[in-house]
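Listed below are the residues making up each chain.
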Amino acid sequence: MKICFTAQGATLESLSEDRFGRAPYFIVVESEDGSFEAIKNPYADGGGGVGPKAAQVLIANNVKALVSGQVGGNAKEVLAAAGIAMYTYNAGGSVKNAFDQFTKNTLVRS
Amino acid sequence: MKLAIASGKGGTGKSMVAANLAFTLSRTIFVTLVDCDVEEPNLHLFFPTPATITEVTVPVPVIDENTCQHCGLCGEFCQYGAITVLPNKVLFFPELCHSCGGCMLVCPNNIIHEEPKRIGTVAISTPLPNLKLISGMLNTGNPHAVSVIRAAKKVAAGDPLVICDSAPGTSCPVVETLDGCDVCILVTESTPFGLHDLRLAVDVARRLGVPAGIVINRSDGKDQATLEFCKDLGLEILMTIPFDREIAAIQSRGDLLCQVQPTWQNAFTALFMKCRALCKGN
Amino acid sequence: MIRIAVISGKGGTGKTMITAALAQLLPGSIVLADCDVDAANLELLLSPKLIRTEPFTGMKTAVIDTACCNLCGECREHCRFHAIEHDGIIYRVNPLRCEGCAVCVHVCPIAITMQPRQTGEVMYSDTEKGHLVHARLVPGAGNSGLLVHAVKKTAMEQDRVCDLFLIDGPPGTGCPLISTISGVDIVLIVTEPSVSGLHDLKRVVEVCRQFRPRVLVAINRFDLEQSLTKAIEIWCSDENIPIIGKIPFDPVVIESVRNGVPVTCAHASPATQAIQILECNLEQELRNYRDQRK
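Chains as they are written, first to last, in this note's numbering: chain A, 1 to 110; chain B, 1 to 282; chain C, 1 to 294.
Simulated from the structure, these hints should not be mistaken for laboratory data.
These numbers come from a predicted model, not from an experiment.
Some clues are possibly wrong.
For lysine-lysine, the following BS3-like pairs were computed, each having C-alpha atoms within a straight-line distance of at most 27 Å [as the list claims (entries may be wrong)]:
#: 1; chain 1: A; residue 1: K76; chain 2: B; residue 2: K117
#: 2; chain 1: A; residue 1: K40; chain 2: C; residue 2: K153
#: 3; chain 1: C; residue 1: K60; chain 2: A; residue 2: K40
#: 4; chain 1: B; residue 1: K132; chain 2: A; residue 2: K76
#: 5; chain 1: B; residue 1: K117; chain 2: C; residue 2: K60
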């Protein structure tokens with residue numbers, strides 16, 4: 001299953017990003033084998049409404065779960081309507097660290 | 001006559017000037033005072049009287065999910081990302097909506113209609129026999145200051161003398177407040193911050209074609225730079241209020257200088273006469 | 001990197017003066033941002049040396065090509081923002097009123113297009129204490145919230161290895177303020193003892209609560225009206241908001257501003273001492289914050 005992590009860079013070693021809508025990158029990891037794809041967020045600097053637009057990127061990429069630090073209300077609504085589970089990670093570590101915590105089930109479901 | 005009071009820099013004393021000017025003039029003529037600093041209105045603190053409150057609404061789209069074909073055209077058109085169209089659901093985010101009506105126009109099936117959404121209030125009170133106070137207040141977190149300012153000014157339309165107290169800064173809310181006014185008082189303080197921001201405020205007034213005059217507040221006598229700037233640009237200094245701890249205390253408590261020290265009424269009357277001359281001059 | 005925004009609610013309470021002083025005193029590497037893009041003053045205290053500048057374009061605005069326009073007037077009829085003017089001869093979009101909705105483009109596909117319009121610039125400068133990102137907004141332009149975002153983004157990208165990101169915020173509670181506090185860890189609200197100051201403090205705290213930062217308060221010029229200082233203290237206590245600094249009115253502050261330096265560069269005075277205490281308390285908050293994150 002595909003899990004999306006908000007990140008400041010394009011690799012698993014990149015620091016995770018707290019914000020969702022304006023995250024520079026979405027790292028989509030396949031939980032089965034740990035392979036990943038880095039998607040540059042085209043809405044990171046856009047005008048208003050970036051949350052829902054960013055959510056649509058996840059929907060288009062068949063993401064089933066999102067791990068992020070701070071998801072705005074509008075984005076939450078879209079993600080919930082699309083059935084994407086949300087988990088909170090704000091320890092400030094790398095994407096890999098966030099992924100480890102996710103697999104160990106230590107993240108809080110938001 | 002419509003008179004605006006703006007500044008550029010925050011905290012220079014716009015509200016103090018607006019409140020005292022309105023108080024003084026209302027002793028002889030009918031004055032309408034409009035608080036256009038709708039994010040942080042405070043004139044009602046100087047004139048605490050019960051008010052009639054009306055809601056300000058803007059039209060927002062309502063999409064009929066039963067007949068919606070989920071074609072996605074409205075979501076694609078909306079420049080503000082206020083509509084998200086999923087395969088089986090449409091989500092609408094009212095605080096992102098600018099009420100432009102575009103989604104209704106592009107919908108091929110005509111299933112969008114509009115309903116009013118509350119974004120703030122306009123409070124109307126009569127604190128003194130000849131003074132009408134209109135206070136615009138924007139709901140916190142809402143980005144549509146301009147709509148509330150418009151609604152507040154509309155209530156004053158047609159009144160003989162309208163004084164509009166603006167927000168600080170130089171962006172949309174200030175432009176909306178100054179637009180259509182006959183003259184503008186720019187309140188500054190005699191510090192480099194005050195002067196720096198005064199230049200920006202003068203620029204806005206000039207772009208809008210509103211003649212402006214300057215009030216220097218909290219002057220400690222070291223106003224050289226400001227005086228030179230005004231001279232270079234042909235701006236008249238309408239009044240200088242010295243820094244004075246007693247004046248500061250009166251203001252902090254929410255009292256009116258012109259009421260506590262009535263001799264100040266002469267200065268504010270003179271200020272008004274100079275503003276009138278500026279209008280006619282152009 | 002810990003992100004701190006210094007805001008106020010009411011304008012003129014002393015945010016910029018305090019931000020400059022904190023920049024001087026706080027330990028570790030710092031990157032600074034001035035997000036009061038309408039009236040950016042932090043640069044007046046930090047003597048920045050400009051490194052580079054980037055143009056800022058907000059949302060696109062509508063532009064009418066008069067050569068193709070057939071004067072039907074549909075655009076003006078549909079524009080809800082009174083942005084289309086007609087002087088009897090031609091139709092013209094007033095960029096100060098245009099909100100970029102593109103409705104006019106929809107009703108007139110021939111003569112109107114949406115064009116980017118430069119409404120400001122983002123400047124990246126060097127100061128004694130670290131890099132400063134600041135901006136200019138064309139007076140009267142909209143999208144100040146977006147410009148704030150551009151300023152913050154530049155700082156966070158260029159100087160991501162810094163320990164601290166210190167932001168001088170705008171007054172008010174609108175878009176620029178919301179954009180400033182989005183994603184910050186700590187918000188320091190500088191207020192003053194006046195009825196307006198307290199009223200506006202309450203409103204800006206309400207906006208802050210829509211996010212999740214740690215909220216702290218400092219009272220500037222607290223000795224000018226003690227009854228209101230008391231009222232602020234009581235309210236903050238009821239709301240569990242710590243007051244980490246109380247600064248007295250001090251003429252040395254204005255002198256420093258006139259000299260274009262942070263007040264902490266001046267000789268010891270009541271205000272500088274009070275700001276030093278404020279900074280110590282803030283350092284404690286930073287230590288607590290770092291411990292919590294582990």
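Hints versus structure:
no.	hint	in the structure
1	A/K76 - B/K117	22 Å, holds
2	A/K40 - C/K153	15 Å, holds
3	C/K60 - A/K40	23 Å, holds
4	B/K132 - A/K76	44 Å, violated
5	B/K117 - C/K60	26 Å, holds
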